[in-house]
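Q: All chains, full assembly: derive it from the sequences and hints.
There are 2 protein chains.
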Amino acid sequence: MLIQHPYLFFLGDVQDQLAAKTALGIVDWRPDWCLGQMRLPGAKADARLPEMKPGEAAQAGARTMIVGVVNAGGVLPPHWIASIVEAMEAGLDIASGLHIRLGEVPEIAEAARRLGRTLHDVRHTSERFATGKGVKRSGMRLLTVGTDCSVGKKYTALALEKGMRARGFDADFRATGQTGVFISGRGVAIDAVVADFISGAVEWISPEADARHWDLIEGQGSLYHPSFAGVSLGLLHGAQPDAFVVCHEPTRTRMRGVPAALPTIGDVIHLTLACGRLTNPAIRCAGIAINTENLDETAARAEIERAATTHGLPATDPMRFGVGPIVDLLAATYGHTLG
Amino acid sequence: MLIQHPYLFFLGDVQDQLAAKTALGIVDWRPDWCLGQMRLPGAKADARLPEMKPGEAAQAGARTMIVGVVNAGGVLPPHWIASIVEAMEAGLDIASGLHIRLGEVPEIAEAARRLGRTLHDVRHTSERFATGKGVKRSGMRLLTVGTDCSVGKKYTALALEKGMRARGFDADFRATGQTGVFISGRGVAIDAVVADFISGAVEWISPEADARHWDLIEGQGSLYHPSFAGVSLGLLHGAQPDAFVVCHEPTRTRMRGVPAALPTIGDVIHLTLACGRLTNPAIRCAGIAINTENLDETAARAEIERAATTHGLPATDPMRFGVGPIVDLLAATYGHTLG
Numbered sequence: 001m002l003i004q005h006p007y008l009f010f011l012g013d014v015q016d017q018l019a020a021k022t023a024l025g026i027v028d029w030r031p032d033w034c035l036g037q038m039r040l041p042g043a044k045a046d047a048r049l050p051e052m053k054p055g056e057a058a059q060a061g062a063r064t065m066i067v068g069v070v071n072a073g074g075v076l077p078p079h080w081i082a083s084i085v086e087a088m089e090a091g092l093d094i095a096s097g098l099h100i101r102l103g104e105v106p107e108i109a110e111a112a113r114r115l116g117r118t119l120h121d122v123r124h125t126s127e128r129f130a131t132g133k134g135v136k137r138s139g140m141r142l143l144t145v146g147t148d149c150s151v152g153k154k155y156t157a158l159a160l161e162k163g164m165r166a167r168g169f170d171a172d173f174r175a176t177g178q179t180g181v182f183i184s185g186r187g188v189a190i191d192a193v194v195a196d197f198i199s200g201a202v203e204w205i206s207p208e209a210d211a212r213h214w215d216l217i218e219g220q221g222s223l224y225h226p227s228f229a230g231v232s233l234g235l236l237h238g239a240q241p242d243a244f245v246v247c248h249e250p251t252r253t254r255m256r257g258v259p260a261a262l263p264t265i266g267d268v269i270h271l272t273l274a275c276g277r278l279t280n281p282a283i284r285c286a287g288i289a290i291n292t293e294n295l296d297e298t299a300a301r302a303e304i305e306r307a308a309t310t311h312g313l314p315a316t317d318p319m320r321f322g323v324g325p326i327v328d329l330l331a332a333t334y335g336h337t338l339g
Numbered sequence: 001m002l003i004q005h006p007y008l009f010f011l012g013d014v015q016d017q018l019a020a021k022t023a024l025g026i027v028d029w030r031p032d033w034c035l036g037q038m039r040l041p042g043a044k045a046d047a048r049l050p051e052m053k054p055g056e057a058a059q060a061g062a063r064t065m066i067v068g069v070v071n072a073g074g075v076l077p078p079h080w081i082a083s084i085v086e087a088m089e090a091g092l093d094i095a096s097g098l099h100i101r102l103g104e105v106p107e108i109a110e111a112a113r114r115l116g117r118t119l120h121d122v123r124h125t126s127e128r129f130a131t132g133k134g135v136k137r138s139g140m141r142l143l144t145v146g147t148d149c150s151v152g153k154k155y156t157a158l159a160l161e162k163g164m165r166a167r168g169f170d171a172d173f174r175a176t177g178q179t180g181v182f183i184s185g186r187g188v189a190i191d192a193v194v195a196d197f198i199s200g201a202v203e204w205i206s207p208e209a210d211a212r213h214w215d216l217i218e219g220q221g222s223l224y225h226p227s228f229a230g231v232s233l234g235l236l237h238g239a240q241p242d243a244f245v246v247c248h249e250p251t252r253t254r255m256r257g258v259p260a261a262l263p264t265i266g267d268v269i270h271l272t273l274a275c276g277r278l279t280n281p282a283i284r285c286a287g288i289a290i291n292t293e294n295l296d297e298t299a300a301r302a303e304i305e306r307a308a309t310t311h312g313l314p315a316t317d318p319m320r321f322g323v324g325p326i327v328d329l330l331a332a333t334y335g336h337t338l339g
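Quick mapping for you: the protein sequence lines, in order, are chains A and B. Residue numbering for the first sequence follows full-length UniProt numbering, starting at 1 and increasing by one per position. Residue numbering for the second sequence follows full-length UniProt numbering, starting at 1 and increasing by one per position.
There could be a bad hint or two in this list.
[Stated by the list, open to error] Below, in silico cross-link-like pairs of lysine-lysine (DSSO-like), each with a Cα-Cα straight-line distance of 30 Å or less: (1) Lys133/A with Lys21/B; (2) Lys136/A with Lys162/A; (3) Lys21/A with Lys133/A; (4) Lys162/B with Lys136/B; (5) Lys21/A with Lys44/A; (6) Lys21/A with Lys53/B.
[Claimed, not checked] Cβ pair distances, simulated, as ranges: (7) Glu293/A with Arg128/B: 33 to 41 Å; (8) Lys136/B with Glu104/A: 54 to 62 Å; (9) Glu104/A with Thr253/B: 43 to 51 Å; (10) Thr310/A with Glu293/B: 45 to 53 Å; (11) Thr251/A with Ser126/B: 39 to 47 Å; (12) Pro77/B with Gly266/A: 54 to 62 Å; (13) Arg254/B with Arg48/A: 33 to 41 Å; (14) Arg101/B with Gly324/A: 29 to 37 Å.
In short, the hints are calculated from the structure, not lab data. Using N, Cα and C, we set each Cβ at its ideal position, and we do this for glycine too.
A: Put into C-alpha cells, the structure is as follows:
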C-alpha cells in the first residue's frame, strides 16, 4: 500500500476535534503533504488547513483525499458518499481509516471502477502475509514500546526519525497504525491483521535492509495491557529490535480503557528484554520517552531526571525537549551505523 | 457457533492420512458423534468409519457434514462442490475448516439459501468480539500451554475434561482451534480472529460461570514461538487461568517450522506466571504433560519422572498414563470446587 500525497482531508461533519485526531497527527508530522480540508455544513473539527473543494485541491496538486475522521461505530454516513465520489471525479484517490471498507459502498466501488481510482482502506489489508519466520534480518531496528496505549509511541518514533537523520543516521519511520500509515504513506495497521500473522506482517513492514540502515518501528499497546498485549508481543517478535525506547505518561493512574494497574518503566524494560531476546539476543533498552504534556516544566524536568537516574538510561520528552539524549546513546553504541 | 452432531465426514480425494487429521481427532474424542465418512474415488485418507452417502447418513441421524480435510492452499476443489450440495439436499448442514469460506462458492451459497441449511466456517467467525476487558470472571479456568506448537495442548485439555469429570468436577473443554471446535461443537479458531480481539474472543469463549465450574481451555502456540507468541499471550490474558499445565514433546530439537531453539519447561512456567498474573494474580502451574509418543515405555517413564522431580509438580503423559497425578493436585488444591 503506497498512498500518494499531497492530501486533501475530508472531515465530514464530525462534532469534535478528537474525531479529527488522525488528520491532526498527519498535519503535525507532514505539513508539506497537507494541502487543504473539506468540511460539510455543521462540522466542528478543524485541521487548520485552507478550505478546498476536491476540484481546487486537485488543481493545487492533491493526489489523495483522506477520510481521516472517526465516526461512531466506524460507519460511513450516507451523506458523505457524494463528496467522496466528487473527489474521485476530480482525479483523487481515496484513503480511509474507517472500519468499513470503502469498496463495500456500491456507489464508491462503482465510481472507483469507472474512473480508475485507487481506494485505500488503512484498517484492512489485501496483502497476504506469511507467518513470522523469526530469522534475524539485516539492518538495524528500534521499536518504541509503552507502559500503556496512547503514551507517545508513534510520536517518539517519528521524533527519532527526524533527530537521527539530522545526526547522519539513515533512518526510516515504519508505521504499524492507521495515522502512522497516512504519515508515512505506507505500512499496515497491525491490529487489523489476522492474529496468526502479527509477527509475519511486521517482518513484511520492516524487511531486510542495508546493515547500517535503521527502521524506527511504531509500537502498539503494551505487553502489560490486558486487551492488546498479544499484538504488542507479536510486534516485538516481528520487529526483532536491536534497541527499544520505553514510552510513559507519568500522570496516568490506570491502563487506558480497563481497570488494571499501570506497570512501572522497570517492569516494561524487564519483560521487553525477556521476550525480545527470542528473535534478537542483542536487544537493549536505549532510553525512556516521558510524555509530559500534563506537567509544568519543573515537574516535567524532575520526572525525566528521576527516570534517567533510576534506570541509568537517557530520558527525555521527545516533543518538549527533543530526542538528543537518546540519539547520543545510539551514536555512542551504534556509531558504526552512522552514514 | 453451535455445530449440530452427529457428523458425516467428507474426506474428498485427499492423498494422505495427515490431510484427514481433523477428522481423526474428532473420531478419537467424540466417537459417538461420528456416523460415517464419504470419500471420492482415489481417496487415500481413511477415518475408519462406515462409508455413507449423504442420504444414508441423514437417515441414520447425521445433522452436519464436516469438510474436515486440509487441501493444498486451503482451497475447495471444484469437483467437491456437487457432494456438498448433495449433502445439503439430504438435509445436512455443512461445517468446514478450509481457509476459503463456503459461502464464497456461489453454488454452495445458493443451495444453502434455497434449502435453509447452515454453513459453518470454523476458520472464520461472524461473531463481533469486544476487545478484552481483563476483568476477572467468576468460575475456575485451566489453560494448557506449550513449549512449542503441536505438543498435545488440545489432547491434554480433553483428557483433563474426561479425568476431572470422572472425579466429580464440573468441567468443560473450551476450543480455540478448528479441530477443537468440531470436537466440542462450538468455539472459535482464535488464530483467525483479528489481532485486536484475541483476548476479547477468549473472554467470549470462556464466559462468566458458576464459581465451582472449570473451563479447560485449549492453548495455542507457545509464548516462545516467534511466529505465534502474540496469539499465545492474548489467549493467556483472555483465559485468565487459575491453573495451567505445560505440554512438552521431549524428542523435538527445535521449534516447529522455524529455526529457533526450544525453551525449557522451566522457561515456560516462569514466563507464563510472569505474564498470566496480569489478569489473574492467583495463577499457578498445576502440572506437566509430556507427549511421549516417540519414546518407549522405559524412556517415557524416566522423562516424566525427571520433569516431576525437577519442577516439583505432577507430570504424566495424559494419553499413555492418564491425568491422575494432575487431577490429584487439582483436587488437593481446589477441592472446594468439587461437585
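Q: Decide, hint by hint, whether the structure agrees.
A: So, going through the hints one by one against the coordinates:
A threshold of 30 Å between alpha carbons decides the hint, and for Lys133/A with Lys21/B the separation of about 24 Å falls inside it, so the pair holds. A distance of roughly 26 Å separates the Cα atoms of Lys136/A and Lys162/A; the hinted pair therefore holds under the 30 Å criterion. This hinted pair does not check out: Lys21/A and Lys133/A have alpha carbons roughly 35 Å apart, beyond 30 Å. For a cut-off of 30 Å, the pair hint linking Lys162/B to Lys136/B stands: about 26 Å separates their Cα positions.
For the suggested pair Lys21/A and Lys44/A, the alpha carbons sit about 13 Å apart, so the restraint of at most 30 Å is met. For a cut-off of 30 Å, the pair hint linking Lys21/A to Lys53/B is broken: about 59 Å separates their Cα positions. The given range of 33 to 41 Å is respected by Glu293/A and Arg128/B, whose C-beta atoms sit roughly 34 Å from each other. Between Lys136/B and Glu104/A the C-beta distance comes to about 38 Å, which lies outside the given range of 54 to 62 Å.
In this structure, Glu104/A and Thr253/B meet the distance hint of 43 to 51 Å, their C-beta atoms being roughly 48 Å apart. Between Thr310/A and Glu293/B the beta carbon distance is about 50 Å. The supplied range of 45 to 53 Å therefore holds. Hint check: Thr251/A to Ser126/B, Cβ distance near 41 Å, so the stated range 39 to 47 Å holds. Checked against the given bound of 54 to 62 Å, the beta carbons of Pro77/B and Gly266/A, roughly 56 Å apart, stay inside it.
Between Arg254/B and Arg48/A the Cβ separation comes to about 55 Å, which falls outside the hinted range of 33 to 41 Å. Range check, Arg101/B to Gly324/A: Cβ separation about 53 Å, and the 29 to 37 Å hint is violated.
Checked against the numbered hints above, the structure breaks hints 3, 6, 8, 13, 14 and satisfies the rest.
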